[in-house]
Amino acid sequence: AQSVTQLGSHVSVSEGALVLLRCNYSSSVPPYLFWYVQYPNQGLQLLLKYTSAATLVKGINGFEAEFKKSETSFHLTKPSAHMSDAAEYFCAVSVGRDDKIIFGKGTRLHILP
Amino acid sequence: GAVVSQHPSWVICKSGTSVKIECRSLDFQATTMFWYRQFPKQSLMLMATSNEGSKATYEQGVEKDKFLINHASLTLSTLTVTSAHPEDSSFYICSAREQGYNGYTFGSGTRLTVV
Numbered sequence: 001a002q003s004v005t006q007l008g009s010h011v012s013v014s015e016g017a018l019v020l021l022r023c024n025y026s027s028s029v030p031p032y033l034f035w036y037v038q039y040p041n042q043g044l045q046l047l048l049k050y051t052s053a054a055t056l057v058k059g060i061n062g063f064e065a066e067f068k069k070s071e072t073s074f075h076l077t078k079p080s081a082h083m084s085d086a087a088e089y090f091c092a093v094s095v096g097r098d099d100k101i102i103f104g105k106g107t108r109l110h111i112l113p
Numbered sequence: 114g115a116v117v118s119q120h121p122s123w124v125i126c127k128s129g130t131s132v133k134i135e136c137r138s139l140d141f142q143a144t145t146m147f148w149y150r151q152f153p154k155q156s157l158m159l160m161a162t163s164n165e166g167s168k169a170t171y172e173q174g175v176e177k178d179k180f181l182i183n184h185a186s187l188t189l190s191t192l193t194v195t196s197a198h199p200e201d202s203s204f205y206i207c208s209a210r211e212q213g214y215n216g217y218t219f220g221s222g223t224r225l226t227v228v
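So the sequences go chain by chain: S and R.
Just so we're aligned, residue 1 is where the first sequence starts under my numbering, counting upward by one.
Just so we're aligned, residue 114 is where the second sequence starts under my numbering, counting upward by one.
Among the clues, some could well be false.
Claimed, not checked - Listed below are the simulated SDA-like cross-link pairs for lysine to any residue, each with C-alpha atoms no more than 25 Å apart in a straight line: (1) Lys105(S) with Gly129(R); (2) Lys154(R) with Pro30(S); (3) Lys154(R) with Thr5(S); (4) Lys105(S) with Thr226(R); (5) Lys100(S) with Glu165(R); (6) Lys100(S) with Ser156(R); (7) Lys58(S) with Thr77(S); (8) Lys177(R) with Gly129(R); (9) Lys154(R) with Val11(S).
Don't read these hints as lab results, they were simulated from the structure.
Note that this is a predicted model, so its numbers are computed, not measured.
With the rest of the complex left out, here is chain S:
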């Protein structure tokens, strides 16, 4: 069965610094991978998704992620953190266009002024 592991339940970065949120996946078949952001008491917003096309995926709000099969990773990055980036981030996986999506435990991103 597929799964994702997010390293670090909390990550703090200074405003303007690089954001790096880590995600490793486990799947016996080529996966679809997603990053979502959640603000308090709200639903989820899709940041970006990997669907077996380009390995470097660009998303909204300046985020991007790189699919590395050899490392089974899909880390999320942003060159310069903004205060508005403070939120919960979830990495997720599915194994097909019609399959359910499974979430990691989430990483709370804190932005320090």
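Based on the hints, put chain R in the right spot on chain S.
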């Protein structure tokens, strides 16, 4: 873009009563909808998958008689929490997928508090 409307956004009910949560796809036909539960400061746990016109498929450990899911049309799915108890208090989120589209659109969630 695709929009999923979830109502109510919050609800408080008495222990022993039932609560219905609606999830509507506003501008697309959702052949499949998913229901998740999220405890404070935790991840989303998939409860069940529902396909229009058929019975929902529940994840292991989810009581299907307690969490009734109906997906009677291509734009509406409902989750009914029957005989709610305080331990059912949680944040419930639905997600909808349009056939042939490898993306998922999430509702804004429902905060259920059982007192």
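Which earlier hints turn out false for this structure, listed by number in ascending order? Checked against the structure, the hints that fail are numbers 1 and 2, while the rest are satisfied.
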